[in-house]
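Protein chains in written order, with the numbering used here: chain A, 2 to 306; chain B, 1005 to 1285.
These aren't lab readings, by the way, just hints derived from the structure by calculation. Be aware that a few hints might be false.
With a cut-off of at most 20 Å between alpha-carbon atoms, the simulated SDA-like pairs for lysine to any residue come out as follows [as the list claims (entries may be wrong)]: (1) A/K8 with B/A1115; (2) A/K81 with A/Y54; (3) A/K8 with B/I1119; (4) A/K221 with A/F114; (5) A/K53 with A/F25; (6) A/K8 with B/M1117; (7) A/K53 with A/Y67; (8) A/K53 with A/F36; (9) B/K1108 with B/I1188; (10) A/K53 with A/G77; (11) B/K1108 with B/Q1168; (12) A/K8 with B/D1121; (13) A/K221 with A/A208; (14) A/K8 with B/L1122; (15) B/K1108 with B/R1187; (16) A/K81 with B/I1224; (17) A/K81 with B/G1223; (18) A/K8 with A/A288; (19) A/K8 with B/R1118; (20) B/K1108 with B/A1180; (21) A/K211 with A/L200; (22) B/K1170 with B/P1200; (23) A/K221 with A/S195; (24) A/K8 with B/H1114; (25) A/K81 with A/N57; (26) B/K1108 with B/R1186; (27) A/K53 with A/Y82; (28) A/K8 with B/G1125.
What follows is the residue order along each chain.
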Amino acid sequence: MTSLLLKRLIHGVIVLWAVATLTFILLRLAPGGPFDSERKLPPEIIANLEAKYHLNEPVLEQYIRYLAGLARGDLGPSYKYLDRGVTEIIADTLPTSALLGILAVLFAVSVSFSLGLFAAYYRESVIDRLSLFVSTLGISLPNFILGALLIWTVALQLGWLQAGRWDDWSSVILPMVTLGAAPAAYLSALLRSSLIESLNEDFVRTARAKGAREQAVIAKHALRNSLIPILTVMGPLIAALLTGSFVVEYVFAIPGMGRFFITAVTDRDYPLIMGVTLVYTTILVGANLAVDLLYGWVDPRIRAE
Amino acid sequence: MTLEVSSVSTLGNRLLPISALFLLIVISAAVIGPWLSSYTVSGLEAARLLEPPSATHWMGTDGLGRDLLIRVLYGARVSLTVGLGTAAIALIIGTTYGLIAGFKGGNWDHAMMRIVDLFYGLPDMLIFILLSLVFGRNIGGLLIALGLVSWVRFARIARGQVLQAKEFLFVESAYALGASRRRILSRHVLPNIVGPILVTLTFSIPSAMLAESTLSFIGIGINDPYSAWGTSWGTLVQDGYRAMRSYPHVIAFPAAAIFFTILSLNILGNRLRDIFDPRQR
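Let the hints inform the model, and build the full structure from the sequences given.
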């Protein structure tokens, strides 16, 4: 187990390095620089700015400087926000995005488990078919449209909640639903088909033969054996949530990391773009590691390997 | 990564003809619609700002007094070009790559698939945004960036099918009988991968459309408000979003266009998967 963990950690570091290198190269290839503004700056000022950010050095030297900074946890200066470094900006905004992300995961998991269990219990009935169709609707509705729709109905027409604020618990609801809806739709359909597959297994027949009620068969015997496919998609799903969050943060004007990322792309604030990319990658690597560990917990056969 | 729902939803199947019809209408409207309209994509009418739908402007006008219908029609051209173009690029790159990896096997396969894994593990939108910085925010750059994101799915499927096909007894016997690689590839492997590839193709069209409209919505996608190629559905939703409180029609039409097109393609994809891959049922 420890050796597996170590192997995974080394693998994660390699992935991070590969992403850092690729992003570095990509952003050097991108046309247009951070200091191209509408107002043309005099060449002396541009030279000074480039000297300040070491942009006049050979690219290889810049790359080594960046990696050395990374090793110290320093993501470099932001080109746009002169008073704060990238590390500071991320430290300020990550908690907001993390809160939104965790709430959306909780929302998606609770909705999908209820829906999935419900659909599996009433399988092949009208309820089941309806829930499947709702799932297809859910994955076809882009989150920016869902967000706008929720703001229009719940906030503007009904006046139940306010949109565009981020100060109390009620301002979290609409963004959470917007971000969690597609994963909820996807997970519930996956859980349903996985549950129905488990219900054909021998141990389910045994449980039924011993007189277990249908609810108990589904919730206790089938559910645990249906968790593996769910776990497998958790990694990609968290990736989808991460990038979904910058759309949702944009729609609801939430001061999170995603919104800063979008502004950074518009401003060509390369260090900030790289910083956020690396944070996303770290979260993904961490999530995949957690999923690997959970596999062993859910299925003892995997632990033995 | 895409989120796909496998379903044998009879409701979905019942909606299949409607979906197909809807897609047909969208495609023909995108192709011939702009010719039939008397308005132009950037023709301003200062006296008719934000008008609700009427007999002269079927979808109303936007904040600059432009006819919304013609803009939605041009948006359909952009969305369909992006969806189909990306799918075609990804199909060619991904399938070739996957076939080579699967056929070469061994270290070649291993090294080639590590690259695929790296692409696959990262969020599509993230790679896409980084690539679009390099290739520019125009339709050509967008197609390249999206194609480079979507090819990995094809690569995985093509490789998997080749590896599977190598195990088939009839392929082994073809080898034993001295069939050339080319013959085995074209006669035995390709027919087997057509189904799964077609399913992947169908799903990659809506996901490319979704990615493009999302980027355009947040203002970092196609970005030229005055050219016809800049009028993406995502940009139109963004325009409407700002006027949503008082003029919901400006957002309603392009948003409905995106949603129903993606939904129809997903229903179509689900049906194709049910046909080609009965195990998924």
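Going through the hints against the structure:
1. About 18 Å separates the Cα atoms of A/K8 and B/A1115, which keeps this hinted pair within 20 Å; it holds.
2. This hinted pair checks out: A/K81 and A/Y54 have alpha carbons roughly 12 Å apart, not beyond 20 Å.
3. With a C-alpha separation of about 19 Å, the suggested pairing of A/K8 with B/I1119 holds against the 20 Å cut-off.
4. At most 20 Å may separate the alpha-carbon atoms for a hinted pair to count; A/K221 and A/F114 meet this at roughly 13 Å.
5. Distance restraint check for A/K53 and A/F25: the Cα-Cα separation of roughly 19 Å lies within the 20 Å cut-off, and the hinted pair is therefore satisfied.
6. Under the criterion of a C-alpha separation no larger than 20 Å, the hint pairing A/K8 with B/M1117 is consistent with the structure, at around 19 Å.
7. At most 20 Å may separate the alpha-carbon atoms for a hinted pair to count; A/K53 and A/Y67 meet this at roughly 14 Å.
8. Of the pairs offered as hints, the one joining A/K53 and A/F36 holds, with about 12 Å between alpha carbons and a cut-off of 20 Å not exceeded.
9. Between the alpha carbons of B/K1108 and B/I1188 the distance comes to roughly 14 Å, so the proposed pair stays at or under 20 Å and holds.
10. For the hint linking A/K53 to A/G77, the alpha-carbon distance of about 12 Å falls within 20 Å, and the restraint holds.
11. This hinted pair checks out: B/K1108 and B/Q1168 have alpha carbons roughly 14 Å apart, not beyond 20 Å.
12. Note on A/K8 and B/D1121: the hinted pairing holds, with a Cα-Cα distance of about 17 Å set against a maximum of 20 Å.
13. This hinted pair checks out: A/K221 and A/A208 have alpha carbons roughly 10 Å apart, not beyond 20 Å.
14. Of the pairs offered as hints, the one joining A/K8 and B/L1122 holds, with about 17 Å between alpha carbons and a cut-off of 20 Å not exceeded.
15. A C-alpha spacing of about 16 Å is found between B/K1108 and B/R1187, which places the hinted pair at or below 20 Å, so the restraint holds.
16. Taking the CA atoms of A/K81 and B/I1224, the gap is about 17 Å. The hint holds against a cut of 20 Å.
17. Taking the CA atoms of A/K81 and B/G1223, the gap is about 18 Å. The hint holds against a cut of 20 Å.
18. At roughly 15 Å between alpha-carbon atoms, A/K8 and A/A288 fall within 20 Å of each other, so this suggested pair holds.
19. A C-alpha spacing of about 16 Å is found between A/K8 and B/R1118, which places the hinted pair at or below 20 Å, so the restraint holds.
20. In summary, the hint linking B/K1108 to B/A1180 is supported, as the alpha carbons are separated by about 18 Å, within the 20 Å threshold.
21. Between A/K211 and A/L200 the CA atoms are separated by roughly 15 Å; this keeps the pair inside 20 Å, and the hint holds.
22. For the hint linking B/K1170 to B/P1200, the alpha-carbon distance of about 17 Å falls within 20 Å, and the restraint holds.
23. Between A/K221 and A/S195, the direct Cα distance comes to roughly 14 Å. Compliance with the 20 Å bound is thereby established for this hinted pair.
24. Under the criterion of a C-alpha separation no larger than 20 Å, the hint pairing A/K8 with B/H1114 is consistent with the structure, at around 18 Å.
25. For the suggested pair A/K81 and A/N57, the alpha carbons sit about 18 Å apart, so the restraint of at most 20 Å is met.
26. Proximity of B/K1108 to B/R1186 is assessed by CA-CA distance (about 13 Å); at most 20 Å being required, the pair is judged to hold.
27. For the given pair, A/K53 sits about 14 Å from A/Y82 by alpha-carbon distance, which is consistent with the 20 Å threshold.
28. Taken as a hint, the A/K8 and B/G1125 pair is honoured in the structure, with Cα atoms around 17 Å apart against an allowance of 20 Å.
Consistency note: the structure conflicts with none of the earlier hints.
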